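Peer 1: Put together the whole structure using the sequences plus the hints.
Count along the sequence shown from 1, then add 80; that gives the number in this note's numbering.
These aren't lab readings, by the way, just hints derived from the structure by calculation. Among these hints, one or two may not hold up.
[To be verified] Here are the computed distance ranges between Cβ atoms for each label pair:
1) Glu223 with Lys272: 27 to 33 angstroms
2) Arg188 with Met107: 42 to 48 angstroms
3) Ser213 with Gly108: 37 to 43 angstroms
4) Ala277 with Gln134: 44 to 50 angstroms
5) Glu104 with Phe148: 18 to 24 angstroms
6) His152 with Met81: 46 to 52 angstroms
7) Tyr208 with Asp163: 15 to 21 angstroms
8) Leu183 with His152: 36 to 42 angstroms
9) Lys82 with Ala120: 31 to 37 angstroms
10) Tyr106 with Lys262: 23 to 29 angstroms
11) Met112 with Phe256: 28 to 34 angstroms
12) Val100 with Gln235: 34 to 40 angstroms
13) Lys262 with Phe148: 27 to 33 angstroms
14) Met107 with Lys170: 20 to 26 angstroms
No experiment lies behind these values; they were computed from the predicted model shown. Every residue gets a Cβ at the ideal spot worked out from N, C-alpha and C, and that includes glycine.
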Amino acid sequence: MKPTLAFDVYGTLINTHGVVALLETYMGEHAMVFSETWRAKQLEYSFRRGLMKQYVHFSICTKDALAFTCEHLNLHLTQAQQDSLLQSYKTLPAFDDVKKSLLRLSERFTLIAFSNGERSSVESLLNYAQIDSLFNDIVSADEISTFKPNPDIYQHLLTRTNSKAGSTWLISSNPFDVIGAKSFGLQAAWVKRSDNAVFDP
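Peer 2: See below:
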């Protein structure tokens, strides 16, 4: 049986800052700060929801984080602009190295897309990036109504893929995800997606 590589999707395979080009048309030089704040709040809201056991779809966390970011940075977007940004989250680009790397890895490993996002959202992203055919399956946190790094998510991954912890790797650019997986007992690798990225311990 092939070892399993479970790839985080948002930020690891798919560039969440792919919204910056659209943001620049709305707010110019503030676009990157807006994108970074939006992403940070998106994750924070998933953490809070997980701790409170008040689950909502990850797309709701994304929408709520967008509203907060507008208020926090005092950059008010029309409803049409906000809707456009939320729609763009379904067609974010893959990083340049993704398709070539997955093609090579698929020869030796079982590849799983493993995400906090709803399955339909993940399918849309992978399809848009033309990498959907490289994965054996998609495992979504939505299936058990909580978020990474809850240990239940990593157990769900093993159950769904019929894998063992010792032969299953979590691949992520998100340090919290790497730490969560290792805490549970999985193998894990951090993808440093920018020169400025720091592994938050």
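Peer 1: All the hints need checking, so say for each whether the structure fits it.
Peer 2: To see whether the hints hold, each was checked on the structure:
For Glu223 paired with Lys272, a C-beta distance near 29 angstroms keeps the hint of 27 to 33 angstroms intact. For the hinted restraint 42 to 48 angstroms between Arg188 and Met107, the CB-CB distance of approximately 44 angstroms keeps it satisfied. Against the hinted window of 37 to 43 angstroms, the Cβ-Cβ separation of Ser213 and Gly108 comes to about 38 angstroms, which satisfies the hint. At roughly 30 angstroms, the beta carbons of Ala277 and Gln134 sit outside the given window of 44 to 50 angstroms.
Between Glu104 and Phe148 the beta carbon distance is about 20 angstroms. The supplied range of 18 to 24 angstroms therefore holds. At about 48 angstroms, the beta-carbon gap between His152 and Met81 stays in the expected band of 46 to 52 angstroms. The given range of 15 to 21 angstroms is respected by Tyr208 and Asp163, whose C-beta atoms sit roughly 18 angstroms from each other. Separation of Leu183 from His152 is about 41 angstroms and conforms to the stated range, judged on CB atoms against 36 to 42 angstroms.
The supplied range of 31 to 37 angstroms is met by Lys82 and Ala120, whose beta-carbon atoms lie about 35 angstroms from each other. Distance hint check: the CB atoms of Tyr106 and Lys262 are about 39 angstroms apart, inconsistent with the given range 23 to 29 angstroms. Roughly 22 angstroms separates the CB atoms of Met112 and Phe256, a value that falls outside the hinted 28 to 34 angstroms. A beta carbon spacing of about 36 angstroms between Val100 and Gln235 agrees with the range 34 to 40 angstroms that was offered as a hint.
In this structure, Lys262 and Phe148 meet the distance hint of 27 to 33 angstroms, their C-beta atoms being roughly 30 angstroms apart. Evaluation of the 20 to 26 angstroms hint for Met107 and Lys170 yields a pass: the beta carbon distance comes to about 21 angstroms.
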